[in-house]
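Residues per chain are reported as follows:
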Amino acid sequence: MRLCFRRGLIHGIPIALGYFSVSFGFGIMAVRAGLTVIEAVCISMTNLTSAGQAAGVGVIAACGTYIEMAVTQLVINIRYSLMGLSLSQKLDSSFNTPHRLAVSFGITDEIFAVASAQPSKLTPRYMYGLILIAFIGWSGGTLLGAVAGNILPAPITDAMGIVLYGMFLAIIIPAAKKSRSVLFVIIIAAATSTILYYALPSLSGGFQVIISAVVAAAAAAVIFPVSEEGGEKS
Amino acid sequence: MNIFIYIAVMAGVTYLVRMIPFTLMRKKISSKFLRSFLHYIPYAVLSAMTIPAIFYSTGDMITAAAGTAAAVILAYFGLPLIVVALAASGMAFIVGFII
Numbered sequence: 000m001r002l003c004f005r006r007g008l009i010h011g012i013p014i015a016l017g018y019f020s021v022s023f024g025f026g027i028m029a030v031r032a033g034l035t036v037i038e039a040v041c042i043s044m045t046n047l048t049s050a051g052q053a054a055g056v057g058v059i060a061a062c063g064t065y066i067e068m069a070v071t072q073l074v075i076n077i078r079y080s081l082m083g084l085s086l087s088q089k090l091d092s093s094f095n096t097p098h099r100l101a102v103s104f105g106i107t108d109e110i111f112a113v114a115s116a117q118p119s120k121l122t123p124r125y126m127y128g129l130i131l132i133a134f135i136g137w138s139g140g141t142l143l144g145a146v147a148g149n150i151l152p153a154p155i156t157d158a159m160g161i162v163l164y165g166m167f168l169a170i171i172i173p174a175a176k177k178s179r180s181v182l183f184v185i186i187i188a189a190a191t192s193t194i195l196y197y198a199l200p201s202l203s204g205g206f207q208v209i210i211s212a213v214v215a216a217a218a219a220a221v222i223f224p225v226s227e228e229g230g231e232k233s
Numbered sequence: 000m001n002i003f004i005y006i007a008v009m010a011g012v013t014y015l016v017r018m019i020p021f022t023l024m025r026k027k028i029s030s031k032f033l034r035s036f037l038h039y040i041p042y043a044v045l046s047a048m049t050i051p052a053i054f055y056s057t058g059d060m061i062t063a064a065a066g067t068a069a070a071v072i073l074a075y076f077g078l079p080l081i082v083v084a085l086a087a088s089g090m091a092f093i094v095g096f097i098i
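So the protein sequences, as listed, match chains Y and R. Taking numbering that gives the first Met the number 0, the leading residue of the first sequence gets 0, the next gets one more, and so forth. Taking numbering that gives the first Met the number 0, the leading residue of the second sequence gets 0, the next gets one more, and so forth.
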């Protein structure tokens with residue numbers, strides 16, 4: 000089963016819907032912070048990331064320095080380096096340097112999640128499909144949020160806040176059902192993240208996720224090492 | 000302070016952290032520990048991002064818990080991503096109406 004462009008688009012629909020609701024909120028937030036509609040959309044089209052953009056608007060609103068902006072983005076988005084490294088092990092042989100340079104723009108939490116859940120090697124076309132539809136959802140949501148502000152009633156926008164997390168659960172739970180070691184990883188990561196969230200409230204969300212994920216994945220790598228092609232020994 | 004320089008800095012840093020490892024890593028990683036680590040990292044990241052944040056995602060813990068429960072049950076039975084994602088949202092919306 001080859002991963003073609005069309006499959007990428009289809010797999011990207013839930014991402015685009017989730018992004019639409021989140022970026023709608025970002026659009027509202029950016030305009031409230033004093034940005035124009037064009038500036039808000041420009042940020043979404045060039046960054047394609049939620050937490051980093053929200054923090055970036057905070058730096059702009061506070062008239063922070065460019066250095067502060069760079070460090071903030073580095074800390075919050077460094078998880079994408081880990082994701083890029085993980086995805087680099089799963090690429091089809093047709094992934095040359097131009098394809099890598101283009102696709103790396105679209106490594107987000109959700110695209111990474113869907114791509115790494117595929118059983119076969121990743122093709123550039125599949126990744127372009129996935130990224131394109133997510134990009135449209137993200138930019139379109141920002142545009143509408145920035146222009147229309149609060150046209151949607153609050154109960155709907157509130158309920159839309161859970162969409163992306165629902166998608167994450169749909170990825171990790173079936174995997175945990177199949178593999179005891181994945182279940183172990185999920186429990187350790189969730190527990191660590193919850194402890195950090197309440198014990199160290201000043202820790203940024205980005206660091207909270209990085210620390211928890213590294214602890215859980217390292218523990219599993221020691222206890223349940225993976226043999227040559229993905230299968231776990233347990 | 001120019002807004003477009005801010006945006007360029009944001010976009011530049013964000014692109015570089017994504018691009019460098021993804022583009023430069025060409026070899027198959029030989030370390031068994033590192034390979035295992037990278038095999039588990041997606042699940043670890045998703046789990047850490049979801050919990051506890053999902054319970055704060057709707058602005059109300061009860062509607063969020065209801066949406067989470069719906070997602071967990073449907074995901075357990077292997078329903079497609081979009082069904083699980085929208086059912087979580089639908090459940091949160093309905094419970095928000097009731098309470």
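Worth flagging that the hints you see were computed from the coordinates, not collected in a lab. Computed from a prediction, not measured in an experiment: that's the story for all the values here. Please note that the accuracy of each hint is not assured.
[Stated by the list, open to error] Straight-line Cα separation of at most 27 Å, DSSO-like style, residue types lysine-lysine; simulated pairs:
1. K120(Y) with K31(R)
2. K176(Y) with K26(R)
3. K27(R) with K120(Y)
4. K177(Y) with K27(R)
5. K89(Y) with K31(R)
6. K177(Y) with K31(R)
7. K89(Y) with K26(R)
8. K120(Y) with K26(R)
9. K176(Y) with K31(R)
[Said to hold, decoys possible] Far from chain R, some chain Y residues (derived; all Cβ distances over 10 Å):
10. M28
11. R99
12. A116
13. R124
14. I172
Each residue gets a CB set at the ideal place from its N, CA and C atoms; glycine is no exception.
Agreement of K176(Y) and K26(R) with the hint, judged by alpha carbon distance not exceeding 27 Å: violated, 31 Å
Please settle this one: R124(Y) was flagged as non-interface, so is its CB more than 10 Å from every CB on chain R? holds, 17 Å
Under the criterion that the straight-line Cα-Cα distance not exceed 27 Å, is the pair K177(Y), K31(R) satisfied? With a Cα-Cα distance of about 22 Å, the restraint between K177(Y) and K31(R) holds, given a limit of 27 Å.
Hinted pair, alpha-carbon criterion (27 Å max): K89(Y), K31(R). Please report holds or violated. holds, 16 Å
Evaluate the condition: distance from the CB of R99(Y) to the nearest CB of chain R exceeds 10 Å. violated, 4 Å
Need the status of pair K120(Y), K31(R): alpha-carbon distance at most 27 Å? holds, 20 Å
Would you mind confirming whether the straight-line C-alpha gap from K176(Y) to K31(R) stays at or under 27 Å? holds, 24 Å
Going straight from one Cα to the other, do K89(Y) and K26(R) come out at no more than 27 Å? holds, 11 Å
Within 27 Å, alpha carbon to alpha carbon, are K120(Y) and K26(R)? The given pair, whose Cα atoms are some 15 Å apart, holds under the 27 Å limit.
Minimum Cβ-Cβ distance from I172(Y) to chain R exceeds 10 Å: violated, 4 Å
Take the C-alpha atoms of K27(R) and K120(Y), compute the straight-line distance between them, and say whether it is at most 27 Å. holds, 13 Å
Would the least Cβ to Cβ distance between M28(Y) and chain R come out above 10 Å? holds, 14 Å
Of the hints listed earlier, those the structure fails to meet are numbers 2, 11, 12, 14, in rising order.
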